[in-house]
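**Student:** This is what each chain is made of:
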Amino acid sequence: AQTVTQSQPEMSVQEAETVTLSCTYDTSESDYYLFWYKQPPSRQMILVIRQEAYKQQNATENRFSVNFQKAAKSFSLKISDSQLGDAAMYFCAYRSVYLQGAQKLVFGQGTRLTINP
Amino acid sequence: KAGVTQTPRYLIKTRGQQVTLSCSPISGHRSVSWYQQTPGQGLQFLFEYFSETQRNKGNFPGRFSGRQFSNSRSEMNVSTLELGDSALYLCASRREVNSYEQYFGPGTRLTVT
Numbered sequence: 009a010q011t012v013t014q015s016q017p018e019m020s021v022q023e024a025e026t027v028t029l030s031c032t033y034d035t036s037e038s039d040y041y042l043f044w045y046k047q048p049p050s051r052q053m054i055l056v057i058r059q060e061a062y063k064q065q066n067a068t069e070n071r072f073s074v075n076f077q078k079a080a081k082s083f084s085l086k087i088s089d090s091q092l093g094d095a096a097m098y099f100c101a102y103r104s105v106y107l108q109g110a111q112k113l114v115f116g117q118g119t120r121l122t123i124n125p
Numbered sequence: 256k257a258g259v260t261q262t263p264r265y266l267i268k269t270r271g272q273q274v275t276l277s278c279s280p281i282s283g284h285r286s287v288s289w290y291q292q293t294p295g296q297g298l299q300f301l302f303e304y305f306s307e308t309q310r311n312k313g314n315f316p317g318r319f320s321g322r323q324f325s326n327s328r329s330e331m332n333v334s335t336l337e338l339g340d341s342a343l344y345l346c347a348s349r350r351e352v353n354s355y356e357q358y359f360g361p362g363t364r365l366t367v368t
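Going down the list, the protein sequences come from chains A and B. Going by the working numbering, the first sequence runs without a break in its numbering and finishes at 125. Going by the working numbering, the second sequence runs without a break in its numbering and finishes at 368.
Simulated from the structure, these hints should not be mistaken for lab results. Predicted, not measured: the structure shown is a model, and the values here were computed from it. Among the clues, some could well be false.
[Claimed, not checked] Below, a sample of chain A positions facing chain B; criterion: calculated Cβ distance under 10 Å:
hint: 1; residue: Gln16
hint: 2; residue: Arg58
hint: 3; residue: Tyr62
hint: 4; residue: Gly116
hint: 5; residue: Ile123
[To be verified] Here are the computed lysine to any residue pairs in the SDA-like style, where the Cα-Cα straight-line distance is at most 20 Å:
hint: 6; chain 1: B; residue 1: Lys312; chain 2: A; residue 2: Glu18
hint: 7; chain 1: B; residue 1: Lys312; chain 2: B; residue 2: Leu336
hint: 8; chain 1: B; residue 1: Lys312; chain 2: A; residue 2: Arg58
hint: 9; chain 1: B; residue 1: Lys312; chain 2: A; residue 2: Ala79
hint: 10; chain 1: A; residue 1: Lys63; chain 2: A; residue 2: Ala79
hint: 11; chain 1: B; residue 1: Lys312; chain 2: A; residue 2: Lys81
hint: 12; chain 1: B; residue 1: Lys312; chain 2: B; residue 2: Arg322
hint: 13; chain 1: B; residue 1: Lys312; chain 2: A; residue 2: Lys63
hint: 14; chain 1: A; residue 1: Lys63; chain 2: B; residue 2: Arg322
hint: 15; chain 1: A; residue 1: Lys63; chain 2: B; residue 2: Glu356
hint: 16; chain 1: A; residue 1: Lys63; chain 2: B; residue 2: Ser354
hint: 17; chain 1: A; residue 1: Lys81; chain 2: A; residue 2: Arg58
hint: 18; chain 1: B; residue 1: Lys312; chain 2: A; residue 2: Val105
hint: 19; chain 1: B; residue 1: Lys268; chain 2: B; residue 2: Glu356
hint: 20; chain 1: A; residue 1: Lys63; chain 2: B; residue 2: Val367
We put the CB at the ideal spot given by N, CA and C, even for glycine.
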């Protein structure tokens, strides 16, 4: 079974600074998807960024980028120019591409990000 | 386009009762998944439905069940509620079973007393 680990329960950063959230995962599969989701206090989970394991290029979405290290099974999220609206719980998640595993997301425990003005 | 909607948003039940939660996916989405979120266990997969069929189920007791209707709306039911069932229940939809992107609803906060 796949597992996802986020070792930082809480992080804080000054507004406009850069912060990196860590995520490691364990799998024996060679192809899969990785995601970062954001859950603000309003609770609605929002997809921030995704990475396909077969792609070597790191995904980027505006101020959000990832550092995907497949061999190390590491998938960190970098938020540049942090904004107050970035404050939220961030979840790293794994999805298999294979039959039974593809139906579900496996989530890490989350990292609570605080933005200091 | 309307997002995933869940009703009710908040619910208080007594131990031993049963509860039904509802989820309406984004229009055109045929797959609906349910997750339980608790402070202790985090986010855990309950089940996924596609075309009215349960495709996969997480490691939850049989008290947790669900179904999907022909219009893709889904319900989940928890019978004989226990205090540990208190959680945020999230529903998520995606267009097809092989769609990587999943859209979440706001959740139903269930409190069991």
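**Student:** Does Lys81 of chain A sit within 20 Å of Lys312 of chain B, going by the straight-line distance between their CA atoms?
**Tutor:** violated (26 Å)
**Student:** With 10 Å as the cut and Cβ atoms as the points, is Tyr62 of chain A at the interface with chain B?
**Tutor:** violated (12 Å)
**Student:** Take a quick look at whether Lys268 of chain B and Glu356 of chain B sit within 20 Å of each other, Cα to Cα.
**Tutor:** violated (33 Å)
**Student:** Taken at face value, is the distance from the CA of Val367 of chain B to the CA of Lys63 of chain A at most 20 Å?
**Tutor:** violated (45 Å)
**Student:** Are the Cα atoms of Lys312 of chain B and Arg322 of chain B separated by 20 Å or less?
**Tutor:** holds (12 Å)
**Student:** With a cut-off of 20 Å on the C-alpha distance, tell me whether Lys312 of chain B and Leu336 of chain B pass.
**Tutor:** holds (19 Å)
**Student:** Are Lys63 of chain A and Ser354 of chain B close enough, with their CA atoms no more than 20 Å apart?
**Tutor:** holds (17 Å)
**Student:** Just to be careful, I want the Cα atoms of Lys312 of chain B and Lys63 of chain A compared with a cutoff of 20 Å; is the pair within it?
**Tutor:** violated (29 Å)
**Student:** Straight-line Cα separation of Lys81 of chain A and Arg58 of chain A no greater than 20 Å?
**Tutor:** At roughly 15 Å apart (the allowed maximum being 20 Å), Arg58 of chain A and Lys81 of chain A satisfy the hint.
**Student:** Does Lys312 of chain B pair with Val105 of chain A here, judged by a C-alpha cut-off of 20 Å?
**Tutor:** holds (17 Å)
**Student:** Just to be careful, I want the Cα atoms of Lys312 of chain B and Ala79 of chain A compared with a cutoff of 20 Å; is the pair within it?
**Tutor:** Answer violated: Lys312 of chain B to Ala79 of chain A is near 30 Å, above 20 Å.
**Student:** Is the hint on Ile123 of chain A kept, meaning its closest Cβ partner in chain B is under 10 Å away?
**Tutor:** With a closest approach of 22 Å, the Ile123 of chain A hint is violated.
Violated hints for the displayed structure, listed by number in ascending order: 1, 3, 5, 6, 8, 9, 11, 13, 14, 19 and 20.
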